[in-house]
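Undergrad: Chains as they are written, first to last, in the working numbering: chain F, 1 to 453; chain W, 1 to 453.
A couple of the hints might just be wrong.
A pair holds if it fits inside one copy or across any two, identical chains being indistinguishable in the list.
For lysine-lysine, the following BS3-like pairs were computed, each having C-alpha atoms within a straight-line distance of at most 25 Å [what the hints assert, rightly or not]:
1) Lys175 / Lys190
2) Lys71 / Lys60
3) Lys362 / Lys308
4) Lys65 / Lys90
Treat the hints as calculated values from the structure; they're not laboratory data.
2 protein chains.
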Amino acid sequence: MGWVRTLRVQSSVTFIEVNDGSCLSNMQCVMDLEAEGYDQVETGLVTTGASIWVQGTVVKSQGSKQKVELKVIKIVAVGKSDPSYPIQKKRVSREFLRTKAHLRPRTNTFGAVARVRNALAYATHKFFQENGFVWVSSPIITASDCEGAGEQFCVTTLIPGSQEAANSPVDGIPKTKDGLIDWSQDFFGKPAFLTVSGQLNAETYATALSDVYTFGPTFRAENSNTSRHLAEFWMIEPELAFADLNDDMACATAYLQYVVRHVLENCKEDMEFFNTWIEKGIIDRLSDVAEKDFVQLTYTDAIELLLKAKKKFEFPLEWGCDLQSEHERYITEEVFGGCPVIIRDYPKDIKAFYMRQNDDGKTVAAMDLLVPRVGELTGGSQREERLEYLEDRLDELKLNKQSFWWYLDLRRYGSVPHAGFGLGFERLVQFATGIENIRDAIPFPRVPGSAEF
Amino acid sequence: MGWVRTLRVQSSVTFIEVNDGSCLSNMQCVMDLEAEGYDQVETGLVTTGASIWVQGTVVKSQGSKQKVELKVIKIVAVGKSDPSYPIQKKRVSREFLRTKAHLRPRTNTFGAVARVRNALAYATHKFFQENGFVWVSSPIITASDCEGAGEQFCVTTLIPGSQEAANSPVDGIPKTKDGLIDWSQDFFGKPAFLTVSGQLNAETYATALSDVYTFGPTFRAENSNTSRHLAEFWMIEPELAFADLNDDMACATAYLQYVVRHVLENCKEDMEFFNTWIEKGIIDRLSDVAEKDFVQLTYTDAIELLLKAKKKFEFPLEWGCDLQSEHERYITEEVFGGCPVIIRDYPKDIKAFYMRQNDDGKTVAAMDLLVPRVGELTGGSQREERLEYLEDRLDELKLNKQSFWWYLDLRRYGSVPHAGFGLGFERLVQFATGIENIRDAIPFPRVPGSAEF
Chain F
1 MGWVRTLRVQ SSVTFIEVND GSCLSNMQCV MDLEAEGYDQ VETGLVTTGA SIWVQGTVVK
61 SQGSKQKVEL KVIKIVAVGK SDPSYPIQKK RVSREFLRTK AHLRPRTNTF GAVARVRNAL
121 AYATHKFFQE NGFVWVSSPI ITASDCEGAG EQFCVTTLIP GSQEAANSPV DGIPKTKDGL
181 IDWSQDFFGK PAFLTVSGQL NAETYATALS DVYTFGPTFR AENSNTSRHL AEFWMIEPEL
241 AFADLNDDMA CATAYLQYVV RHVLENCKED MEFFNTWIEK GIIDRLSDVA EKDFVQLTYT
301 DAIELLLKAK KKFEFPLEWG CDLQSEHERY ITEEVFGGCP VIIRDYPKDI KAFYMRQNDD
361 GKTVAAMDLL VPRVGELTGG SQREERLEYL EDRLDELKLN KQSFWWYLDL RRYGSVPHAG
421 FGLGFERLVQ FATGIENIRD AIPFPRVPGS AEF
Chain W
1 MGWVRTLRVQ SSVTFIEVND GSCLSNMQCV MDLEAEGYDQ VETGLVTTGA SIWVQGTVVK
61 SQGSKQKVEL KVIKIVAVGK SDPSYPIQKK RVSREFLRTK AHLRPRTNTF GAVARVRNAL
121 AYATHKFFQE NGFVWVSSPI ITASDCEGAG EQFCVTTLIP GSQEAANSPV DGIPKTKDGL
181 IDWSQDFFGK PAFLTVSGQL NAETYATALS DVYTFGPTFR AENSNTSRHL AEFWMIEPEL
241 AFADLNDDMA CATAYLQYVV RHVLENCKED MEFFNTWIEK GIIDRLSDVA EKDFVQLTYT
301 DAIELLLKAK KKFEFPLEWG CDLQSEHERY ITEEVFGGCP VIIRDYPKDI KAFYMRQNDD
361 GKTVAAMDLL VPRVGELTGG SQREERLEYL EDRLDELKLN KQSFWWYLDL RRYGSVPHAG
421 FGLGFERLVQ FATGIENIRD AIPFPRVPGS AEF
């Protein structure tokens with residue numbers, strides 16, 4: 001059972017390529033109209049895109065492209081395909097296919113991406129489960145103030161459900177006597193938002209169950225129309241208790257090597273396809289990642305390296321600047337010849353409030369894992385477990401300590417050294433498939449101006 | 001390494017119960033202050049809730065409660081616990097613990113729930129992966145109109161991010177010259193909502209990859225303050241291509257038996273805990289589910305059964321009514337003695353538009369899986385794969401066909417019989433643990449008036 005990819009009629013023999021999505025290869029079905037015992041079918045219904053049910057005998061193929069083929073005994077047209085079927089044999093652009101996101105998984109490329117994405121997700125669960133981590137679902141909607149002033153989506157019922165929203169007057173929104181939005185009438189009784197990270201919540205479970213991980217959707221209301229940004233993406237965030245930055249780096253390394261190996265071993269045919277059609281050499285690149293030791297260096301050493309570089313960068317830099325993609329790629333691709341690199345101990349001023357301050361007073365125990373071609377794949381840190389340091393840092397950044405009451409509680413009651421990292425799952429899919437645009441690494445991308453399907 | 005659960009001082013010997021969350025049992029650490037080689041520690045820091053690092057020798061326990069204990073050589077206080085620590089030895093109510101959702105995983109009950117929840121999630125992935133299903137991430141934000149007029153949360157950037165939202169004037173929301181909300185200025189250019197189900201999206205992948213499943217958060221902006229409803233919950237939605245209602249029922253049965261068996265085999269200690277403290281007999285109940293054949297009957301037969309029942313129901317019923325929880329529980333618990341029951345072929349008027357119409361013209365190929373104590377655990381159906389039937393049904397229900405263009409496309413191009421079901425993951429956690437309130441089956445529950453943490 002499957003869908004007709006192509007059809008080739010040769011005098012009395014018809015070749016039908018059928019695919020059911022379970023793998024890249026089609027099954028070549030050979031229909032010999034003159035063969036004995038062949039059950040007649042209305043062949044006009046068997047066109048590209050149609051679904052069919054075929055019965056036959058698997059035989060050695062006479063062609064060179066496949067080892068076996070199906071000698072058809074009986075064929076049933078299950079669902080015909082209207083001639084307007086937009087995915088005909090000739091190649092169609094990825095831009096066009098984004099407008100057909102409901103049909104694009106029927107193409108070789110998107111079928112392969114879906115299978116590799118699936119393999120990466122399962123490998124993620126397998127890795128953490130086999131290592132004793134507990135999966136924790138961090139909340140998606142949050143009214144907690146401590147996610148900061150990021151670019152968040154507001155979640156509300158002050159505007160009515162889908163049918164009526166389009167014609168809702170602004171005046172219909174409840175207001176206080178001062179003309180402000182009356183949040184007391186909203187579903188959660190106060191402003192609520194889509195989460196930008198599950199880390200702070202994961203920390204509460206790590207400081208109870210030791211090692212945990214999240215794997216769920218996160219959101220950015222950033223108006224970035226690039227090939228690297230999505231408004232909705234999946235994130236993996238492990239959090240390790242009784243762990244420092246070295247443990248964190250070791251975990252990120254082991255994780256990445258595990259999932260890459262899993263894909264190389266379990267998605268051979270799809271990876272060959274990517275290697276041929278999407279990114280030449282991707283299999284070698286991934287094999288290197290799976291086998292080589294990752295390079296480690298400090299941010300300070302990285303800056304020194306970059307300042308000495310003969311290459312001219314678009315963004316000049318000095319100690320204290322954040323590294324740009326061009327710098328990261330230079331380091332992994334040119335300095336260390338395609339080897340993943342972990343840079344650690346970043347200046348505290350360019351990193352988040354919760355990162356643990358190093359003894360030098362200038363840097364924090366942060367790390368970024370850089371890979372060739374993609375640049376930063378994950379970022380992590382040891383968390384500040386010392387109450388006084390954390391409170392001072394919140395004050396310095398003028399963040400409201402009250403909002404962080406529960407996060408600070410973790411430091412009041414049995415605080416432990418702990419560390420974790422975050423990994424954008426679609427970046428990982430890009431990294432493992434060579435797919436250039438992140439919109440092609442997720443089934444239904446959400447970007448500024450579009451949340452179709 | 002772990003957290004001190006309790007502390008018992010007896011003359012020269014101190015017993016410390018330490019737990020690291022990896023299992024229910026504590027490690028009993030015996031600190032003999034007079035023993036040779038014992039490294040002095042400031043024991044004042046070792047109090048309930050504190051984190052410690054202990055080194056010692058595992059020896060046969062002299063007590064009867066545990067087989068082994070740790071003879072302490074060295075102990076280090078890692079993080080002290082403020083005396084205000086709210087989870088002391090004496091029992092605290094679940095209501096109180098909901099206000100301490102960041103600390104409650106440190107209790108026996110919530111630690112066990114977290115581990116069983118994790119086991120159920122992993123078993124879910126294992127079951128589907130081992131059976132060739134591909135995990136598909138259905139979108140969370142959707143501007144697609146075809147989710148209907150459900151009770152949806154609106155997702156918008158017309159209201160500014162968290163810091164400013166509280167003091168935003170209603171007048172600050174962009175409006176058209178007619179005073180309507182100007183959606184063209186919103187992030188997605190039109191009203192967008194949180195998904196209520198990934199099914200329609202999953203169907204697009206099932207009709208390309210054959211068998212798929214989703215496992216992700218879904219939302220209901222329902223103002224239900226009950227022990228069975230959450231505004232944010234996780235849902236599992238498998239979708240099978242080239243499958244009918246019988247295949248769907250077989251899949252739901254195999255899935256449920258698999259995950260229940262997985263938990264019974266892999267969470268023995270936690271299940272004993274639930275059996276003793278939360279729901280007496282739960283292990284027997286689950287063992288029955290894992291082993292017994294499920295009963296199948298039609299809705300029409302179920303109604304007949306209920307009409308004949310000697311029991312008096314709060315909600316009287318007749319053919320055409322939806323079954324209430326009391327009816328469902330009567331059937332599974334009293335008629336079929338604790339065996340799960342699948343009821344199929346419901347009246348079309350009480351079921352969703354996409355369910356396949358049966359030949360009688362009155363019923364659809366829907367099924368509900370009922371289990372003792374919880375009632376409906378999953379609901380599913382064969383989907384209407386015939387374009388004309390589906391279009392007629394949309395017309396009948398006065399739904400806008402245009403919005404369903406891509407869903408209808410699946411019936412235009414190689415339509416196939418397909419079927420699936422949906423399962424609320426937190427209901428499954430309740431079913432497997434005996435936990436009564438669904439707010440205790442998820443780490444951070446979202447309900448009307450509360451999205452804390």
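Undergrad: My question is about Lys362 and Lys308: at a cut-off of 25 Å on alpha-carbon distance, are they close within one copy, between copies, both, or neither?
TA: Only inside one copy: Lys362 and Lys308 sit 23 Å apart there, 78 Å across copies, limit 25 Å.
Undergrad: Pop the pair Lys71 and Lys60 into one bin, within, between, both or neither, using alpha-carbon distances up to 25 Å.
TA: within (10 Å within a copy, 68 Å between copies)
Undergrad: Checking Lys65 and Lys90: alpha-carbon separation at most 25 Å within a copy, between copies, both or neither?
TA: within (19 Å within a copy, 72 Å between copies)
Undergrad: From the Cα coordinates, with 25 Å as the cut-off, is the pair Lys175 and Lys190 best called within, between, both, or neither?
TA: Answer is both; intra-copy 13 Å and inter-copy 23 Å each pass.
Checked against the numbered hints listed earlier, the structure breaks none of them; every hint is satisfied.
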